[in-house]
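**Q** Chains as they are written, first to last, in the working numbering: chain P, 1 to 123; chain L, 1001 to 1559; chain C, 2001 to 2389.
Calculated from the structure, these hints are not laboratory results.
Predicted model only: the values in this text are computed from it and were never measured.
No false leads were mixed into what you were given.
Chain C stretches covered by chain P per the calculated footprint, using a threshold of three residues with CB under 8 Å from any CB of chain P:
id: 1; region: 2038-2044
id: 2; region: 2062-2070
id: 3; region: 2090-2097
id: 4; region: 2182-2193
Taking beta-carbon pairs under 10 Å as the criterion, some of the chain C residues facing chain L (in silico):
id: 5; residue: T2135
id: 6; residue: D2148
id: 7; residue: Y2149
id: 8; residue: H2150
id: 9; residue: T2176
id: 10; residue: A2196
id: 11; residue: L2197
id: 12; residue: H2285
Ideal Cβ positions, reconstructed from N, Cα and C, are used throughout, including at glycine.
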Amino acid sequence: MELLIASAVGVLSAAGIYMVLRLRTFPVIIGTSLLSYAVNVFLFASGRLAMNAPPVLRDGAVRYTDPLPQALVLTAIVISFGMTAVVVIMALGSWLSSDDDLVDRPAVSEGDARAPSMPEGDA
Amino acid sequence: MSHWLITPVVLPAMLAAILVLMVREHIVVQRALSMAGALALAAIATGLFWQASDGTITLYQLGNWPAPFGIVLVGDRLSTLMVLLTTLLAPLVLLYAIGSGWDARGRHFHPLFQFQLMGILGAFLTGDAFNLFVFFEVLLIASYGLMIHSGGRERLRAGTQYVLYNLLGSTLFLFALGTIYAQTGTLNMADLAGRVAELDASASGGIRVAAVLLLMVFAIKAAVLPLHFWLPDSYAQAPAPVAALFAIMTKVGAYGIIRFYTLVFPPDLEITQGLFDTWLLPAALLTLAVGMIGVLGAVRVDRLIAFSVIGSMGLLLSAVSVFTPDGIAAALYYAIHSTFATAALFLLVDQIKERRGETGPFLVHGRPIEGGALIAGMFFVAAIAMTGLPPLSGFLGKLLILDAALTSPLVWWVWAVVLSASLVAVVGFSRAGSMIFWKAHQEGPDGPVDCETAPEIEDETSQPGSTKGPISPRPVLPMIAIGGLIALLIALTVFAGPVNRVLSATAAQLFAPEPYIELVLTTPGKKIKDDPHAVEGDHGDAADLAIDDETSDATGEEH
Amino acid sequence: MVLTVVAVGAHAWFSGTTGTETRRPLLPVTPIAVAAWAMLIAATGFLVAAHRNRLAVLMLMGIIGLMVSVGFNHFSAPDLALTQISVEVVTIILLLLALNFLPNTTPNESGALRRTRDAIIAGAGGIAATALTWTILSTEFPIAPISDYHLANSYKGGGGDNVVNVILVDFRGFDTFGEIIVLGIAALVIYALTEALLSSTVRRRLLNRGYEETQAGDAHPLMMVVLTRVMMPVILMVGVYIFLRGHNSPGGGFVAGLVVAIAVVTQYMASGFAWAARRQRYPYHGIIGAGVFVAGLTGIGAWLAGQPFLTSAFGYFRIPPMEEFELATAMGFDLGVFLAVVGAVMLSLESFSRLGYRAGTETSDHAMDIDPSRDEELTPAAGEQGKVI
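With the rest of the complex left out, here is chain P (with noise of 0.2 Å):
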């Protein structure tokens, strides 16, 4: 159980990471947004797992699952609403006023999240 929450982090990351790389802008949003689903995992997993044993207090319950990773995964869920919310609304108006979703821009600067170890550096 504990491999597939770990393999869905990683597949979640891994696409997350590829689709940002792809420097345009919707495919960056929507891989920040599944970077964000593997992080909100993540975050819960570091309180690890249980099942059957929610954290709400009840007669003749003797386990809990960890609360404290739940409440910071909620927090962290808010925040990164807010962020995609911020994000989308950025891109739509750089789009609207340019009619080009590039993220990075073409030649005067590095654009973001490139590895700057990169060999290559076409934009």
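Given the coordinates of chain P, assemble chains L and C onto it according to the supplied hints.
**A** Relative to the frame of chain P, chains L and C by itself:
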């Protein structure tokens, strides 16, 4: 219980809420309230700084929960110093924004400005790792808003890039926090320090990963090579007052590094041995070098300043990464200096851009600037400070850093890079300065500009007082704001002795974290009816009133 | 950047030592989990493969989000599942609105070499993430986590059974305070940018934009209008219910805020922007401001009792005809969260819609577009009437 420690966070937040709720259509009221808030913050910050200046550490337990379980704010010398620095910068920047009319060019400037202040101040004060993340996000999202304030195509493009880059940084931050929680089961910084020290050194893999992931997060904020690509574009494109406020934001990254790697992962900690010292210093030096090369190669004066920010961060971090009290003290001195210097430069560049007309920020020969003498004078004072020429604070900061580096094994590298970078910076800045101010007046073939004399000449012409004349149609507030920043720089130079004593004490306090940890972990918090550590005793049996007994609580706290 | 992170992380890992951690017994694999996992992986795979078709991507994102929330629920995190799924709905609506202005496909311009290189980098990142997660999941906490305290004191000190909610509004209420501020700022930023865009040349371009596809003849279908209006009170009630039970069972101000916001959004979708906007009483700005303000005031209220910011108090009261119920100051805070969330979500969605709203279009004041008294000759215009929300 004194509530002063939380006011730097709550005051701007509530003020911003009021601004949005009630007076969002009245720019004049907004300006007045916003300015009043910023000034009040500066006063409070001075008070807090004063309080901490004898070495006392104050603690504020939010929700009255004891330390590792709830969130705490901690005001020690370092936090209050950074808070003071921010709140000194804020009113001046605000003054400039109001004077130059930047704040009226889009919606919601003042609420966003206050939220931004709240984020920065909260990040400096908090004693909890996850809370630090939350404040990072607050300051980031407010900075996105300020960055794209009033729109514009280039700005939006640079802004999108900046936001996406920071989104990745936030994701990394969460990965780091998850790893930390998984390895130690806590999030409070003081508690972390204790637990990390307790960890079994033979199973160090996890915590080492956590430590470097966290370092990477702060390195992104501090724009350390190779994670610096977001900076030049976003700073150059941001509206000037915002860029000036951003001068403090890279310092938040540096603050994170200083805080975490003296408190939680101190340099002599066995479990993280050989992680940071090996590559942080070279990376910092490379950052310095790249920044200064950028200064030399920049074709626009705003990008030139942005690159000099990178360079100054490199210099700052190379002092930090020596990880000795001297190094930290020097870094702090340089941090204060470079905050004011970059802020002043960004504001000046905005004035230059506006007055040069069509040539704008490009480093080409253009028409002379009206009221140029005053601007030129201030530009050269700020540039001298930034490049570290005597007699201003930049020079002193650099000396301190060079001195602190003497204990490092890489001392020759540090000296060589720092000195040659200074030389390059001087060339870069004097090229820009002469291009903008000098050659505009005397067209014609110029020989290679003597980098020493060019500033001096302009400096002298600007000294005679009656320079205010030609700029009388211009609003005078921006000039006061820039003048204030430069005055602060000069004050920093004049009072270098006392300032340095305070900073040494700050660094000494950082390297003796025991009182900090003890205060945070042993202060009792909320008194819970039963034994606070009893497990699940009387759940379901709560017919009687369970309101906190305030009187008993208060007495419990007094002792 | 990814490479740097992975390389440094790997360096840190391999220069450290491992081996003495206590292993943790693994949970058994259940078929449901495998099915969900397979769907998640498949959806992610398809998403990457088909990422140039933007609409498909959004649908696949929906599946992934759903699977993640099912996963949260499976592993004892009902609160998370609830939040994840409501956030998912709002996010998808938001992306759909944005997609309205973007072309349907992403051009393919990266060559095979570049894609291979990216795939290798992504693979390295994925493997690193897997390894890290696996390491964490398969070992116990070296030191007991602080959350035992939260479990023990949630009821006695915070007055709630739902420990996650008590952590959010009480133990770590300050985080939540920051979080609603983030959300509020996000909405303000979106609003400010929309204003800036609408006042620039962009507006003219938007108005001149032709429809690429044929419009549905009936922009606000009768079924949908009727259904959403009947559903509205029900959804609102569910929202209030979720809000009230939050302290003791899964739920709380945030989810409730999202549910209510979704209820209102459906009105926009079904009945059109103009119709809904005319019936809106309070500006969303005000709601956000009020939310932050209420939350802050609740915190400051504790000062009056000589307590630090956000200190909570709670008590049990009985009003004769009802059962005993609990009042906690944390509920005031939760109310602030609720207001801020409703305001922020609505302001963002509204701003997006305003981009698409055409000033020139005739606004229908009828409750529905389909008005039997109008005759068929209007049909071609009916498409125009549909406001792109």
